[in-house]
Amino acid sequence: TAGITQAPTSQILAAGRSMTLRCTQDMRHNAMYWYRQDLGLGLRLIHYSNTAGTTGKGEVPDGYSVSRANTDDFPLTLASAVPSQTSVYFCASSREAYNEQFFGPGTRLTVL
Amino acid sequence: RKEVEQDPGPFNVPEGATVAFNCTYSNSASQSFFWYRQDCRKEPKLLMSVYSSGNEDGRFTAQLNRASQYISLLIRDSKLSDSATYLCVGGILTGGGNKLTFGTGTQLKVEL
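Protein chains in written order, with our numbering: chain A, 1 to 112; chain B, 113 to 224.
Any given hint could turn out to be false.
Listed next, the in silico DSSO-like pairs over lysine-lysine satisfying Cα-Cα at most 30 Å (straight line) [as the list claims (entries may be wrong)]:
#	chain 1	residue 1	chain 2	residue 2
1	B	Lys154	A	Lys57
2	B	Lys221	A	Lys57
3	B	Lys154	B	Lys221
4	B	Lys114	B	Lys211
5	B	Lys157	B	Lys191
6	B	Lys157	B	Lys221
7	B	Lys154	B	Lys211
8	B	Lys191	A	Lys57
9	B	Lys157	B	Lys211
10	B	Lys191	B	Lys221
11	B	Lys114	B	Lys154
12	A	Lys57	B	Lys211
Label pairs and their calculated CB-CB ranges [stated by the list, open to error]:
#	chain 1	residue 1	chain 2	residue 2	range
13	B	Gln181	A	Asn99	16 to 24 Å
14	B	Asp151	A	Ala7	15 to 23 Å
15	A	Leu41	B	Asn124	34 to 42 Å
16	B	Asp119	A	Ala2	18 to 26 Å
17	A	Ala52	B	Ser161	24 to 32 Å
18	B	Ser161	A	Leu41	23 to 31 Å
19	A	Arg17	B	Leu186	23 to 31 Å
20	A	Asp73	B	Thr206	22 to 30 Å
21	A	Ile12	B	Asn167	40 to 48 Å
22	B	Pro120	A	Pro83	22 to 30 Å
23	B	Gly170	A	Val82	25 to 33 Å
24	B	Asp151	A	Leu41	17 to 25 Å
25	A	Ala2	B	Asn167	28 to 36 Å
Residues from chain A shown here face chain B by an in silico Cβ test under 8 Å; the list is partial [said to hold, decoys possible]:
#	residue
26	Leu43
27	Pro61
28	Gly63
29	Tyr64
30	Tyr98
31	Glu100
32	Gly106
Rather than coming from a laboratory, the hints here were simulated on the basis of the structure. For every residue, glycine included, the Cβ atom is placed at its ideal position computed from N, Cα and C.
Please model the entire structure based on the sequences and the hints provided.
This is the structure in structure tokens:
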């Protein structure tokens, strides 16, 4: 079972460019999440989706957008990247919104 | 004050030792608690949920003290493979789902 996959594994991006980080899960989980992890700050929630067709803002949503067209996919888009968006991005999912969350392998993004 | 606080460590212990981590949370509305383990440059992996009555999973024991707002993780008979960062997590169930707040982690190094 693949679980949660993320792509790309890592990326270097020029400031001002746009990028979509991909996340796919095959566990038929209803809820999905995007976090960023920065040294000394821990994991912070960017956006979440409790079920297909719905999304919500987390703690640090500015500069990011998401969509949830189906159960399996939850892409994260940076419309115009800035250096402060350099981070490790983790996608996660849970069976329902109140269950334990399981994480994908992460995407290391560097914005120059 | 951070919502979830942990001693960052590192805790350096010999193989076979017993080690305990504490974590405090500031939001009394927190309803669910977890310990995650994160290896260097990898995704967080669920170690165990923490129940009000305390729970044990092999060498790992988790306790919750709601009155003092802290949770603990006890690792008995430490193995080299236990070396990792342990993340304390508190969750609040809201209309937007289960909002998880992650601590910044406690680093454990188990040595020969």
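Okay, the hints, checked on the actual structure:
1. Lys154/B to Lys57/A: holds, 25 Å
2. Lys221/B to Lys57/A: violated, 36 Å
3. Lys154/B to Lys221/B: Holds: lysine 154/B and lysine 221/B sit about 16 Å apart, inside 30 Å.
4. Lys114/B to Lys211/B: holds, 15 Å
5. Lys157/B to Lys191/B: holds, 17 Å
6. Lys157/B to Lys221/B: The given pair, whose Cα atoms are some 17 Å apart, holds under the 30 Å limit.
7. Lys154/B to Lys211/B: holds, 22 Å
8. Lys191/B to Lys57/A: Violated, because 40 Å separates the two Cα atoms, which is more than 30 Å.
9. Lys157/B to Lys211/B: The given pair, whose Cα atoms are some 17 Å apart, holds under the 30 Å limit.
10. Lys191/B to Lys221/B: Holds, at about 10 Å.
11. Lys114/B to Lys154/B: holds, 24 Å
12. Lys57/A to Lys211/B: Holds, at roughly 11 Å.
13. Gln181/B to Asn99/A: 16 to 24 Å: holds, 23 Å
14. Asp151/B to Ala7/A: 15 to 23 Å: holds, 21 Å
15. Leu41/A to Asn124/B: 34 to 42 Å: violated, 24 Å
16. Asp119/B to Ala2/A: 18 to 26 Å: violated, 36 Å
17. Ala52/A to Ser161/B: 24 to 32 Å: Once the Cβ atoms are compared, 26 Å apart, the range 24 to 32 Å for serine 161/B and alanine 52/A holds.
18. Ser161/B to Leu41/A: 23 to 31 Å: Given a distance of about 24 Å, which is inside 23 to 31 Å, the answer is holds.
19. Arg17/A to Leu186/B: 23 to 31 Å: The hint (23 to 31 Å, Cβ to Cβ) is violated, given that arginine 17/A and leucine 186/B are roughly 47 Å apart.
20. Asp73/A to Thr206/B: 22 to 30 Å: holds, 24 Å
21. Ile12/A to Asn167/B: 40 to 48 Å: holds, 43 Å
22. Pro120/B to Pro83/A: 22 to 30 Å: holds, 25 Å
23. Gly170/B to Val82/A: 25 to 33 Å: Because 45 Å falls outside the window, the suggested range is violated.
24. Asp151/B to Leu41/A: 17 to 25 Å: The hint (17 to 25 Å, Cβ to Cβ) holds, given that aspartate 151/B and leucine 41/A are roughly 19 Å apart.
25. Ala2/A to Asn167/B: 28 to 36 Å: holds, 29 Å
26. Leu43: Because about 4 Å separates leucine 43/A from the closest Cβ in chain B, which is inside the 8 Å limit, the hint holds.
27. Pro61: violated, 12 Å
28. Gly63: At 20 Å from the nearest chain B Cβ, glycine 63/A fails the 8 Å test, so the hint is violated.
29. Tyr64: violated, 16 Å
30. Tyr98: holds, 5 Å
31. Glu100: OK, holds: glutamate 100/A within 8 Å of chain B, min 5 Å.
32. Gly106: holds, 5 Å
In summary, the numbered hints that this structure violates are 2, 8, 15, 16, 19, 23, 27, 28 and 29.
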